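K.L.:
This is what each chain is made of:
2 protein chains.
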Amino acid sequence: MSANKAIMLTPGPTPLPPSVSHAMARPILHHRTREFGELFDFTIKEMQYVFRTKNSVLMMTASGTGAMESAVINLLSPGDKALVHSTGAFGDRFVKIIETYGLKPVVIKEEWGHAADVKKLAKALEENKDVKVVFFQHTDTSTGIVNDLKKLADEVRKHSAAIIVVDSISGLAAESLEMDSWNLDVVLTGSQKGLMNAPGLAFAAVSEKAWKVVDQAKLPRFYFDWRTMRKSLKDKETPYTPGVTLVMGQAEALRLIRQEGIENVWKRTDELAQYTRAWAKEQGLPPFAKDPANILTALKLPEGVDGQALIEEILKEESISIAGGQLHLKGKIIRIAHMGFISKSDLDAGFAAIEKRLARVKA
Amino acid sequence: MSANKAIMLTPGPTPLPPSVSHAMARPILHHRTREFGELFDFTIKEMQYVFRTKNSVLMMTASGTGAMESAVINLLSPGDKALVHSTGAFGDRFVKIIETYGLKPVVIKEEWGHAADVKKLAKALEENKDVKVVFFQHTDTSTGIVNDLKKLADEVRKHSAAIIVVDSISGLAAESLEMDSWNLDVVLTGSQKGLMNAPGLAFAAVSEKAWKVVDQAKLPRFYFDWRTMRKSLKDKETPYTPGVTLVMGQAEALRLIRQEGIENVWKRTDELAQYTRAWAKEQGLPPFAKDPANILTALKLPEGVDGQALIEEILKEESISIAGGQLHLKGKIIRIAHMGFISKSDLDAGFAAIEKRLARVKA
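Chain order of the listed sequences is E and Y.
Using numbering that gives the first Met the number 0, you'd call the opening residue of the first sequence number 0 and step up by one each time.
Using numbering that gives the first Met the number 0, you'd call the opening residue of the second sequence number 0 and step up by one each time.
FYI, nobody ran anything at the bench for these hints, they're computed from the structure.
Worth double-checking, as some hints may not be accurate.
In the DSS-like style, the derived pairs of lysine-lysine whose C-alpha atoms are separated by at most 27 angstroms in a straight line are [unchecked claim]: (1) Y:K315 / E:K233; (2) Y:K103 / Y:K118; (3) E:K103 / Y:K217.
As the structure is a prediction and not an experimental result, all values here were calculated from the model.
Let's have the full structure, built from the sequences with the hints guiding it.
P.N.:
As C-alpha cells, then:
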C-alpha cells in the first residue's frame with residue numbers, strides 16, 4: 000500500500016465510513032448469544048426501513064450473486080416460465096442462473112445503456128400469459144442505467160399475477176425504491192454498495208404473495224433455502240454461522256443511514272450524479288446511458304483515449320480507483336460511482352486526475 | 000457490552016488475534032486490483048500450506064455449510080450413490096444436503112461420542128460397490144470426537160475408487176491433517192475456527208482425481224460452481240465480489256500460522272486439550288467423547304446440574320462464553336474449545352468459573 004491517501008470511486012466495494020470499520024474490529028461476538036441476536040434483529044428491522052417494506056427480510060452470508068441464485072431457486076419449479084427483462088451484464092446473469100436449473104426463460108434484452116422498455120415488456124407478457132416470475136434490475140452498474148420500477152411493476156400487474164423480483168444490489172440505499180407502495184414482491188441487495196458495508200452479506204425482502212410461491216417451489220436448495228432462514232428469524236438467529244463482523248459493520252452503517260434519513264441518502268446520491276454530469280458536459284465527455292442512474296455515471300471517452308490505460312495510470316500515480324468498461328465496453332467508457340460513502344471532494348479529486356490526463360491527449 | 004473482559008471458549012467463532020481485527024479495519028480494497036489479487040493469491044497459497052497439499056484451493060464467500068453443499072453439487076449426479084459416515088450433527092447435515100438433491104445416500108450413523116468405525120465402513124463398502132463419493136468429518140464439535148482419517152481413507156481405497164470428501168470445518172489448523180499423504184480428495188473448511196478469522200469465508204481443496212468428477216457432474220450449481228472458481232483463480236480473482244475484509248483478515252491470520260508453524264499449531268491445541276482433560280479428571284467431570292478430539296473437550300455434568308443454566312450464568316456474570324450440548328445433549332454436557340486464538344489463561348478463567356459454581360451445587 001502506498002502512502003498516498005486512497006480514494007475509491009468504484010461501484011462496490013465502496014469506501015467504508017470509519018465507524019463501520021471500527022465496529023467490525025470490535026471483539027467478535029458468538030452468534031448464539033443474546034447480544035448478537037439483538038444486533039441481528041436491529042439489522043433486519045433497519046433493512047426493512049431501507050427497503051421501505053413491512054415484509055420479512057432475510058440475510059445471507061454470500062455475495063449478491065448468491066442472493067440472485069436464491070431468488071431463482073426459491074421461486075421457480077421445473078417447467079415454470081420465467082421472464083427476464085435484461086438491461087446489462089447483471090440482467091444477463093439472471094438468465095444464466097435460470098438456465099443452469101434447466102429452465103428456458105423468456106428474455107427481453109435492451110441495448111446496453113437503455114432502460115427497460117415498457118412496450119417490449121407488455122408485448123412479451125401478452126405473448127406469454129403463463130409467466131410465473133418476472134426478473135428486473137433496479138440499476139445496472141455495467142451501463143449506469145436506472146429502470147422505472149414503478150411503471151414496469153404496474154405493467155406486469157395489468158397482464159398477470161406474476162411474482163416481481165428486483166435485483167437492487169447496486170441500487171438500494173442510493174436510488175429511490177419503495178418496495179411496498181410499488182408492490183414489488185422480492186427485492187435483493189448486497190452489503191457493499193449503498194449499504195456502506197464490506198462485501199459478504201446479501202439481503203432479500205420477500206412479500207407474503209411471494210412466500211406462497213416459495214413454500215410450493217420445487218427446485219433443490221439448502222444453504223440458500225429461504226424457508227430455513229425465515230424459521231430462524233423468529234429466534235433472532237441465522238440457520239448457519241453468519242458473517243458476524245459483517246453484521247457488526249452493517250448495524251453501524253444502518254445507524255448512519257437512519258440518522259441521515261433514507262430520503263436524504265437518495266438526495267445526496269442524486270446531487271453527486273448531477274454534479275458529475277455537469278462536470279462531464281464541461282469536459283465534453285458524453286454520458287453512455289440513455290437513461291442515466293444516480294448510482295454511477297458512465298462516460299464515453301474521446302476517440303484515441305484508451306480508457307483502460309487511463310484508469311490504470313490514475314490508480315498507480317494517484318491511488319484513485321475509477322472503474323472502466325466491462326466486456327465490449329472495455330477501454331471505451333469510464334464509470335464514476337456516487338453511491339455509499341463517496342463525497343464531493345472524492346469526486347473533485349477524480350475529476351482533476353482525469354482532466355490532467357485528457358489535456359495531455361488533446362495537446 | 001459489559002465492561003468485563005470477554006473470554007470466548009466456544010468452538011467457532013473463536014476469538015480473533017488483534018492483528019487480524021486490525022487488518023480487517025484497514026481501508027477496504029477493490030477486488031479487481033493488483034493489490035487485492037496479490038493478497039488473495041497469498042491466501043490461497045498459504046491455505047495449501049495449512050491443508051498440506053499441492054492441490055488447488057478454492058475460496059467461497061459463505062459459511063461452512065455452503066462449502067458442504069458445494070461438495071455435494073460439484074461431485075454428484077442424479078442416480079449416483081453416496082456414502083455418509085456420520086459421527087454427529089454435522090455428518091447428519093451431509094445426509095440432509097444430499098437428500099435435498101433427490102439422492103438417497105447410504106448412511107452409517109455412529110453413536111454420538113464415538114469416532115467412525117472402520118469395520119462398519121468396510122461392511123458398507125462391501126455391500127455398496129458402486130459408491131461414488133464417501134463423506135467423512137474430521138472432527139465434530141457437537142460431540143468432541145476426532146476421526147482417524149488416514150485409516151478410514153486407506154479402507155475406502157481397499158474397496159473402491161470412490162472420491163473421499165472430508166469436512167474439516169472445525170478440524171483444520173487445530174487437529175493434524177495431511178491431505179496429500181493421506182490421499183484425501185476434497186477437504187472443506189471455514190474461516191472462523193482454527194483459521195483464527197471471522198466467519199464468512201469457506202475453502203475447498205480439490206484433488207486432480209476429484210476434478211475429473213467435477214467436470215462430469217450433473218447437479219445444478221451456479222454461485223457454488225467450483226469450475227468457475229478454478230477459472231478465476233488463474234487471474235488471482237474470484238468469480239463474484241468476495242468478502243474483501245475477510246480476506247484481509249485471513250491473510251494476516253495465515254501469516255501468524257506460518258510464523259508459528261502448522262505442526263506447532265497442532266501441538267498447542269493438543270496441549271490445551273490435555274490440560275483440560277487433566278483438570279476435568281481432578282474435578283470428577285468425565286469426558287463425553289469415547290474418541291476425544293483436541294479441538295474441544297465435551298464434559299458430562301454431575302446429576303442435578305443444569306448445564307444450560309450454568310453456562311448462561313457464567314456468560315452473564317463473568318463474560319465467559321462456554322458452549323452447551325446440542326439437541327438431546329442440551330443441559331447435559333458442556334463444551335470447552337481449544338482451537339484458534341484460545342490460550343491457557345482463557346482456560347484457567349473458564350475452569351475457575353465452573354469450579355465455583357459446581358462447589359455451590361456440592362455444598
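K.L.:
Hint by hint, note whether the structure agrees.
P.N.:
Quick rundown of the hints versus the structure:
At most 27 angstroms may separate the alpha-carbon atoms for a hinted pair to count; K315 (chain Y) and K233 (chain E) meet this at roughly 23 angstroms. Distance hint between K103 (chain Y) and K118 (chain Y) is fulfilled; the C-alpha atoms sit about 22 angstroms from each other, no more than 27 angstroms. The hinted pair formed by K103 (chain E) and K217 (chain Y) meets the criterion: a straight-line CA distance of about 17 angstroms does not exceed 27 angstroms.
In this structure, none of the earlier numbered hints is contradicted; all agree with it.
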